[in-house]
Each structure stands twice: as C-alpha cells, then as structure tokens.
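Since the structure of chain A is already known, use the hints to place chain B on it.
Residue numbers (our numbering), protein chains in the order written: chain A, -16 to 117; chain B, 1289 to 1452.
Please note that a few of the clues may not be correct.
[Stated by the list, open to error] EDC-like, lysine to aspartate or glutamate: derived pairs with alpha carbons at most 20 angstroms apart:
hint, chain 1, residue 1, chain 2, residue 2
1, A, Lys(-1), B, Asp1384
2, A, Lys90, A, Asp72
3, B, Lys1441, B, Glu1303
4, A, Lys(-9), A, Asp3
5, A, Lys18, B, Asp1433
6, B, Lys1388, B, Asp1350
7, A, Lys95, A, Asp54
8, A, Lys18, B, Asp1350
9, A, Lys(-1), A, Asp(-15)
10, B, Lys1388, B, Asp1333
11, B, Lys1441, B, Glu1329
12, A, Lys94, A, Asp114
13, B, Lys1441, B, Asp1346
14, A, Lys(-1), B, Asp1433
15, A, Lys18, B, Glu1329
16, A, Lys94, A, Asp67
17, A, Lys18, B, Asp1384
18, A, Lys18, A, Asp(-15)
19, A, Lys(-1), A, Asp54
20, A, Lys90, A, Asp114
21, A, Lys18, B, Glu1383
[Claimed, not checked] Cβ-Cβ distance ranges computed for the label pairs, FRET-style:
hint, chain 1, residue 1, chain 2, residue 2, range
22, B, Val1352, A, Lys(-9), 43 to 53 angstroms
23, A, Gly30, B, Arg1297, 54 to 64 angstroms
24, A, Gly21, B, Tyr1313, 49 to 59 angstroms
25, A, Pro20, B, Glu1393, 28 to 38 angstroms
26, A, Lys(-9), B, Glu1393, 12 to 22 angstroms
27, A, Ile22, B, Phe1365, 43 to 53 angstroms
28, A, Lys(-9), B, Val1406, 24 to 34 angstroms
Hints were generated in silico from the structure; no laboratory data involved.
Backbone N, C-alpha and C fix where the C-beta goes; we use that ideal spot for every residue, glycine too.
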Amino acid sequence: MDVNAPLKTINAPLLKTELDAASGGAYQGYSVGSKWPGIVRLHFADGTAQTVIDATLAAYTAHNPNTLTADQTLAARRLTAAGDLQAADFVAVLNQINAATSLADAKPILKKLLALTYRLALAQGLTNATDPGA
Amino acid sequence: MTSTWTANRTWTDGELVNASIMNQYIRDNLDWLKGRPYISEQDFDGTFFSTTSSSFQDTGADAVLTTTGGRVLVLAFGSVTVGNGATSAVLTLYEDGVNKGDATEGMQYQTSATNGRVPFCMAYITPTAPTAAAHTWKVYLRSTDNTNSAAIKQYQMWAIEIGA
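For reference, chain A alone in the conformation it holds in the complex (with noise of 0.2 angstroms):
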C-alpha cells in the first residue's frame, strides 16, 4: 500500500533507518516521479495499521536531511583526513627535527608525527578511533 507525502530533500540512508524505526519495519521504501510531481509515495506492506502510517508519515516530517548517519559522519571525517594529510608540510617536520636538541624539542614533533599518523589510518579506514587530538 501506498501513502502519498510532500517531496523534501532527504537524505536516504538516514530517512530509511529513521522510518524502518518507526513503522516497526512495515515501511518498504519510498518513490518519485515525473508523473507525480511533488510527491513522494512511501511503501507500506500491505495491512499497515493506521496508527503505524501515522508514526512513519511524523518521522519523514521531522526528517533532517542534513543530519549525518554514523556511516557518512564516519566518511566526513576521513576525507577531511585525507586533506589534512595532502596539506601537511612533511618539510617543516623534519626541519623541527633536525633542529631539536632535547626531549622537551622532541615531544611537539612526537605529536605531530603521531596527528599524522592518525590521519593516515583513518584516512585509509584502518582505524575508526576518535582522534587522541595530539
């Protein structure tokens, strides 16, 4: 069965988690077309309570398409890694380096040598760790 709501901007792997929550998994996806300009109908197996369409048709209101999931939240932060690293001055490290003459030189390049570490792994998915902030 079908229930007809107003187009909006989604953002789809959210909106699905968010109405799979909410219609107790009787929501069975969502179409849109030309035929049915600003409209989105939203699938229900068939003897969906009302009650059930009510709470899945209140979630896609409340949808906020610019809120992340875990999974695009965890994808933002690795292609921001991925930038940090292409604009690391690999330079300026080793010049610090071959200027330190005592622990206390030693431990601010230890940090960033460790920050680009960091940014390195989760950049290549190999670790999904909050980052230590070194």
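Same frame as chain A, but now just chain B:
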C-alpha cells in the same frame, strides 16, 4: 480515417463485386491497416522515476489503447541506473494491473556501476488477443535490495494492435 477491421471476404465464382463490398473489404481494411490503433508516450529529460522499493512499483509509464480484437505489440525502451553498484533494477510490464513477467524476475534485470546508465528494452506481444476494449500497459520497476534506488532516467513506450 478511423475504420474497423472486417474479417476478409471469401470470394465466390461469378460474384458481382460492387462499391459497397469494395469499400468495406478493401478500402476500410486497408484504412485500418494503415491507421491501426496505436499509442505512444515518452520522457527523455533524465529524471523520470526512482524507487527504493524491492516490490514492483508503477513508474507512471503507460500506454492505454482501445483495441479491436487483435493481438498487441508493446515496446518500452530507455535507460536505467542504480544507486549502488551491488543493486539491480528489475523491470516488467503490467497489462490491466497484472504483471506479465515473473513475479520476482520481471521481464528484465539490469545492473550498472553506481549511478551509471545502461539501456533497457522490453518488447512484448500479447500471447492471445485481448478482448476488444480499452487496455492499459504499464512499466513497473523495483530495486533488488529495498535500500538503494533503481531509476528509469528516460524512456519511450508504445503499443500497437498488430492483427491476428
């Protein structure tokens, strides 16, 4: 000129062929052959229809034809895409609300790279002649995984009565 088809006449020896007979069996039948029932529609702007449902959904592509008792050739072609390379787009034709393809497999499976476009083409001749009446053929589409989209980007479809 709109004409109706009349079953071909069997001529007899010595038969007097007059204008009425010629008009009915020759002119009108030739007119029908030239102007046989036909309908078409299309949308080529690249944003026609998309669904994330794994059940067949009405795409809105349809051909409504009033037939006169002959079989019908239906053809739909265009391009499809999927929102994930692991997803397939499954297409089928419905005749008067009934899926004429397999309940799951439809009439055609298509896969592409994510958001890539591949062609589809479904040509279908009704196995038997539908009753002389208005009939509707529609293109239905489904995604294979109930999460990622399958879409028809552009299409044309038509139906034409082809006679016996």
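So, going through the hints one by one against the coordinates:
1. At most 20 angstroms may separate the alpha-carbon atoms for a hinted pair to count; Lys(-1)/A and Asp1384/B exceed this at roughly 32 angstroms.
2. Between Lys90/A and Asp72/A the alpha-carbon distance is near 18 angstroms, which keeps this suggested pair within the 20 angstroms criterion.
3. At most 20 angstroms may separate the alpha-carbon atoms for a hinted pair to count; Lys1441/B and Glu1303/B exceed this at roughly 59 angstroms.
4. Pair hint Lys(-9)/A plus Asp3/A holds up; C-alpha atoms about 18 angstroms apart against a cutoff of 20 angstroms.
5. Distance hint between Lys18/A and Asp1433/B is unfulfilled; the C-alpha atoms sit about 24 angstroms from each other, more than 20 angstroms.
6. With a C-alpha separation of about 14 angstroms, the suggested pair Lys1388/B and Asp1350/B falls inside the 20 angstroms cut-off, and the hint holds.
7. The suggested pairing of Lys95/A with Asp54/A is violated, with an alpha-carbon distance near 27 angstroms, which exceeds 20 angstroms.
8. For the proposed pair Lys18/A and Asp1350/B, the alpha carbon gap of about 10 angstroms is at most 20 angstroms, so the pair holds.
9. Under the criterion of a C-alpha separation no larger than 20 angstroms, the hint pairing Lys(-1)/A with Asp(-15)/A is consistent with the structure, at around 16 angstroms.
10. Of the supplied pair hints, the one linking Lys1388/B and Asp1333/B is violated, its CA atoms being roughly 28 angstroms apart against a limit of 20 angstroms.
11. In summary, the hint linking Lys1441/B to Glu1329/B is supported, as the alpha carbons are separated by about 14 angstroms, within the 20 angstroms threshold.
12. Between Lys94/A and Asp114/A, the direct Cα distance comes to roughly 12 angstroms. Compliance with the 20 angstroms bound is thereby established for this hinted pair.
13. For a cut-off of 20 angstroms, the pair hint linking Lys1441/B to Asp1346/B stands: about 15 angstroms separates their Cα positions.
14. Using a Cα cut-off of 20 angstroms, the hinted pair Lys(-1)/A and Asp1433/B holds, with the two alpha carbons roughly 12 angstroms apart.
15. With a CA separation close to 12 angstroms, the supplied pair Lys18/A and Glu1329/B stays within the 20 angstroms bound.
16. About 15 angstroms separates the Cα atoms of Lys94/A and Asp67/A, which keeps this hinted pair within 20 angstroms; it holds.
17. A C-alpha spacing of about 18 angstroms is found between Lys18/A and Asp1384/B, which places the hinted pair at or below 20 angstroms, so the restraint holds.
18. Distance restraint check for Lys18/A and Asp(-15)/A: the Cα-Cα separation of roughly 15 angstroms lies within the 20 angstroms cut-off, and the hinted pair is therefore satisfied.
19. Between Lys(-1)/A and Asp54/A, the direct Cα distance comes to roughly 14 angstroms. Compliance with the 20 angstroms bound is thereby established for this hinted pair.
20. Restraint check for Lys90/A and Asp114/A: the C-alpha separation of about 18 angstroms stays at or below 20 angstroms, so the hint holds.
21. Proximity of Lys18/A to Glu1383/B is assessed by CA-CA distance (about 19 angstroms); at most 20 angstroms being required, the pair is judged to hold.
22. Look at Val1352/B against Lys(-9)/A: about 31 angstroms separates their beta carbons, and that is not inside 43 to 53 angstroms.
23. Roughly 57 angstroms separates the CB atoms of Gly30/A and Arg1297/B, a value that falls within the hinted 54 to 64 angstroms.
24. Checking the proposed 49 to 59 angstroms range against Gly21/A and Tyr1313/B shows it holds: the Cβ atoms sit about 53 angstroms from each other.
25. Between Pro20/A and Glu1393/B the C-beta distance comes to about 31 angstroms, which sits within the given range of 28 to 38 angstroms.
26. About 34 angstroms separates the C-beta atoms of Lys(-9)/A and Glu1393/B, a value inconsistent with the hinted range of 12 to 22 angstroms.
27. At about 26 angstroms, the beta-carbon gap between Ile22/A and Phe1365/B misses the expected band of 43 to 53 angstroms.
28. In this structure the hint that Lys(-9)/A and Val1406/B lie 24 to 34 angstroms apart at CB holds, the actual value being about 29 angstroms.
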